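Undergrad: Next come the chains, spelled out residue by residue.
Number of protein chains: 4
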Amino acid sequence: MSDLMYSDISEIKNIKIFGRLGKQRQPLPLLFNGSGIEVVVTGSDLWIDLETDSDFHEMWVAYEINGAFMGRQMLLPGEYRICLFRNMEPSTPKRVRFYRELQAMGDDRCKLLVKGLEISDNGCFMEVPKYERKIEFIGDSITSGEGSYGAFEDVDWLAMYMSASVNYATMTAKELEADYHLISQGGWGVCCGWDNDPRHNLPSIYERVCGFSEGPSNEALGCQDPYDFESWQPDVVVVNLGTNDITSFSQPPFFNPDDGKTYKMRKNDDGSLNREDELKVEEAIINFLTMIRKHNPKAHIAWCYGMLFCDLNMTITEAMSTYREKTGDTNISFFQLPDTTQETYGSHMHPGRKSHENGSKALVQYLRTIMNW
Amino acid sequence: MSDLMYSDISEIKNIKIFGRLGKQRQPLPLLFNGSGIEVVVTGSDLWIDLETDSDFHEMWVAYEINGAFMGRQMLLPGEYRICLFRNMEPSTPKRVRFYRELQAMGDDRCKLLVKGLEISDNGCFMEVPKYERKIEFIGDSITSGEGSYGAFEDVDWLAMYMSASVNYATMTAKELEADYHLISQGGWGVCCGWDNDPRHNLPSIYERVCGFSEGPSNEALGCQDPYDFESWQPDVVVVNLGTNDITSFSQPPFFNPDDGKTYKMRKNDDGSLNREDELKVEEAIINFLTMIRKHNPKAHIAWCYGMLFCDLNMTITEAMSTYREKTGDTNISFFQLPDTTQETYGSHMHPGRKSHENGSKALVQYLRTIMNW
Amino acid sequence: MSDLMYSDISEIKNIKIFGRLGKQRQPLPLLFNGSGIEVVVTGSDLWIDLETDSDFHEMWVAYEINGAFMGRQMLLPGEYRICLFRNMEPSTPKRVRFYRELQAMGDDRCKLLVKGLEISDNGCFMEVPKYERKIEFIGDSITSGEGSYGAFEDVDWLAMYMSASVNYATMTAKELEADYHLISQGGWGVCCGWDNDPRHNLPSIYERVCGFSEGPSNEALGCQDPYDFESWQPDVVVVNLGTNDITSFSQPPFFNPDDGKTYKMRKNDDGSLNREDELKVEEAIINFLTMIRKHNPKAHIAWCYGMLFCDLNMTITEAMSTYREKTGDTNISFFQLPDTTQETYGSHMHPGRKSHENGSKALVQYLRTIMNW
Amino acid sequence: MSDLMYSDISEIKNIKIFGRLGKQRQPLPLLFNGSGIEVVVTGSDLWIDLETDSDFHEMWVAYEINGAFMGRQMLLPGEYRICLFRNMEPSTPKRVRFYRELQAMGDDRCKLLVKGLEISDNGCFMEVPKYERKIEFIGDSITSGEGSYGAFEDVDWLAMYMSASVNYATMTAKELEADYHLISQGGWGVCCGWDNDPRHNLPSIYERVCGFSEGPSNEALGCQDPYDFESWQPDVVVVNLGTNDITSFSQPPFFNPDDGKTYKMRKNDDGSLNREDELKVEEAIINFLTMIRKHNPKAHIAWCYGMLFCDLNMTITEAMSTYREKTGDTNISFFQLPDTTQETYGSHMHPGRKSHENGSKALVQYLRTIMNW
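Chain order of the listed sequences is G, R, H and X.
First residue of the first sequence: 1, per our numbering; consecutive thereafter.
First residue of the second sequence: 1, per our numbering; consecutive thereafter.
First residue of the third sequence: 1, per our numbering; consecutive thereafter.
First residue of the fourth sequence: 1, per our numbering; consecutive thereafter.
Derived from the structure by calculation, the hints contain no laboratory data.
Everything numeric in this text was worked out from a predicted model, so none of it was measured.
Treat the hints with caution; some may be incorrect.
Because identical chains share one entry, a pair is satisfied inside a single copy or across any pair of copies.
Calculated lysine to any residue pairs in the SDA-like style (CA-CA distance at most 20 Å, straight line) [what the hints assert, rightly or not]:
| # | residue 1 | residue 2 |
| --- | --- | --- |
| 1 | 16 | 171 |
| 2 | 267 | 324 |
| 3 | 115 | 26 |
| 4 | 115 | 53 |
| 5 | 354 | 66 |
| 6 | 134 | 58 |
| 7 | 280 | 330 |
| 8 | 267 | 330 |
| 9 | 280 | 322 |
| 10 | 13 | 345 |
| 11 | 115 | 68 |
| 12 | 174 | 345 |
| 13 | 130 | 175 |
| 14 | 326 | 268 |
| 15 | 261 | 106 |
| 16 | 261 | 152 |
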């Protein structure tokens, strides 16, 4: 076996980083599920040097070689040297991706930092083929891969059930050979959370690097800094939101300690949505579209929704129409994703592997058509 | 073999008739694809007595026993006695459905009339189990089953490629054990035809028994009579229209000989829809929803669209929102059907069997949820 | 519409005939399921002129255009002119196959005779592309397509449930672009019938044109004549037999009126096969292989078995080994077909469409490999 | 979080151990892929304490919760405490299985030892539901899960591509709720290895605990001790061997340093197997069946073969017939597994996930039928 040579992650030129970046590059924080690094290396061995911290919800990571899933594991707080492969044929280039499985977390302690890579001295970093397409996915638990791991009967809300490895967004990006960003949070909506919590809306954090992640330590990483949208302009923004907004209409009121008010989305007696509350969702959608457009002037914005039923279709599309009418922006579209069925659930009534595969298959065909890809 | 006993179709009490009916019941005209009769019989043999006429586009029929497809054939003009089964175990009840494969046709000569049934003297007509659910499907070539038969490379526009036997609407009704009506016409839209012909819009014929079918002979059958909506009130109206409307935006202008005017739906230079023309489609949708609601006050109206791409989503839903806002009618919904893929095409770029199966599977799950079925 | 020109079937040079042929060519008898004619024609219209007779079990036929199933119907005794297509684009060549759905029948009256074709005067018969591969299928009810039509609960033994249209043999031949012969009979085995009837073994009829079909009328067609094997030498002989032989071990004794003896394949107390009776099956296999080899000296013989469980595997392969050892003939192989499952049954516990598709998919891959196709 | 309590693995009564066991129970060696431990625990947290060693080929492990795959990772030489879950709802019982992914290895250093489990003090070990069925799988690289991980283009022979997690044997055992043993080795046959190495035959090691694993350290674990067959009597022994034996006929001669002789299985000029060499394979099969029967007097022995083509069918079944004839043992059967297709390959031309799923589906149906399960 040959010796290993360590490089700081910031020193490696031939590297592809997935996911939104903040100001800190050394060690490199992986902030979202799907955030990761990719290298193409020769040489027999490759190691990655990491540091993690967490509290209740521990970190999970996964990695793949030449596009094929290889490992997935929990990383409790500490420093790690993980071997990504060893004893491979040195002269053959190996494409390796290492990425975060766990969604961005609010917890200040929760973090995953990549310090560097160690490569055997018979190898080197080769150029990573450029991804010609770029997709940003904005979503909720579905995009966080919640329930993509775990047994049907598992109902705990735990880090280990989330993933980027079994996830329609990752599958779609891979099939389309696209670079991608995931910005998602379980339980959040475009207007409010599943439990009527008005603070849990994606737009409120979209403009910061990783607005979900609060606290001094996350701030030090730049999570709360304004995000530099110009640094990465996607061809398409896929918004998969609405599932929690519609749920809030059937949930008890929420008392918001921040303002001392109680919040509740209401239904009419006939089961239809209270119009006033529905319009709140629509206003949130309109404002969010405006915000996305502001930062992504050329991107096609596709609202892609429906993996856990599609009962907000009328509301979402009405808001989109209002937005279009108001702004004249026609570079938006609505696409319904295939629903999850009894056969395709993962754990705690979320999409499982088969559902994510179905969603990705439909979305890939849609994007190929609408984008002329 | 036992002797056969003939009964006029109008004399048979234990019979279920599928599809819209006009004033004439003897012989019984089957006006649409999917229109047919169903009986549950004992006895060893069953025959059906028919009369057909046609010109360029000949009649096609199919039949099934106990829910399983058995035969499909062309019927050129003439009188027919067709054996639906023979030598079956006499005491076992057999459920038999005989139905039209060909969509309603404009041609005055084109007709299919059921005169009666002949049953062997060891058998009788038993009660047909009642269908507890009722669905009306309104559509275009997709609902007419165009291309559901034929090879991928076949491009002629011919009767033989259409069907009710390989058709998402039939599959859906069967899976849900529902009675159903099909009102559809290839090439027609909600606003205009694929070729910009403004006369080819479904609303223009919806209120007549079978408004597609013109000429003195069809009039004699009652096709142009006002349809008696009260005679059959569906639980759901599925509208699968839009595919031809969107196509008209990419087609040459159409000169309408009826009014000497030229019609053309326009696109903007950036490929988006000319707003004025888009609003024409929306107005047609709004008016059609109003018309459907008028005649089906309690039905859920589900606009189900997308089997040949979904680029009219924004237009359809905007119109639906306007309708909803204007009328307060919330008993409507939008559902996107799965797109046809390279693997699921039938002939002349229309959905094949696998695409109809996929469409039906999604629609069944949707209707079960939205209707609490 | 153009005029039709009639040609005797024997006068058409550009025609492909499927299935074994006897001495009579005008009118042409179609003796087996899958037996049929194929032409490639220009012109707008094509008709076929037929004559059929039958008694209890009536004739069924099907036809396809450009490889796609188009129609299937019962033909009671009489003369027929059936339109295979009309009003098609005249200059485009259309490949049309018309074939028998019903297996060869013992009944003397049962027959299907093709008299000729009528083609519109704007068309002509073009050369039918030559099939480079040839497969002979020898089988029982599975190869007769029994149960390939009909509902799961249908249990009558009727002509309408059999087919060549939904049949692994046809699917395999089409996928491999092969000419094929089907020689099969429901209930028959290689040694005896499912009910222990020793007369119902395929080898007893294999050397005659269509030995199943007895009586003066069938004899007049040449059914009982020695078959001219040299006229059609297959590349592969697929033998799908054994399902009835194994069944006979669990059935009551059979009294054979022909010799006044009683026949019964026996099981041991532990459920294993009585060795003496098993060896009878093996002897029949050995003799049949010898007979097949005699008439098809260069063909690969593949015993392909298992679509209705595979409990005769050990017996079949033991016999094949004995045959191989005895003769030195190594150009044989054993291939197990995928079993039918609860989801893939057709009617009366026989393979349905999905099972035939699965069987064909496996067989196609097998033949491609073993034949270097 | 509650405190953790450590128990030696040998002290835990409520534990299910998968895979063959030798004399050492503390720490417990997991000798084969699929070898593992299963517990049902309450409490919020569970950890496992391990020790591993290896040289070129490192250890891989995987684990699952409530039957669902959760993690998979490489374990380089060292001591480990791995958290299997944390912060779960304490009162709900969790079924956890931890198992070895890597096949048994010849290398003396390669080992995986389970020292104990740590459970949070709010939990306890509950009874593991008894597996009523027992299956022993004997195989080669297919049963070692070679290529079940990795990209299609990966061709290195590495530990990371093998698994019990994506493996027809594991899938079959789980679907049938069966306990199971795996005894397999990539490249080995029933008679000789793929490269004609006569030492690489399964029978040579079958009677020792884990005969593959040599060297003083493995001997100390009891690997070379006679296996106590009475300790675990399977209901079925599935033998999936033959793929390497047939390959040896197409490979260059092998010089065996142990006896200084050269070995080569030969083909005849016409491509058939040299009879003398084929009979060597058959003799090996006969002897192996005799050996298996000796140690498993009541088990059904099913030779299940064909996931990488089935060209040894005739040879295997001939040997089985000879064995049956010689011994009168009828409690054996031959079952062909579905072949791997272009769509179902994993890495280096071995079965991928889909192929293992297909194989398992067929095998489950077969075992249900033959075993009356």
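Undergrad: Run the structure past the numbered hints and jot down the numbers of the failing ones, going up.
TA: Hints 6, 10, 11, 15, 16 not satisfied by this model.
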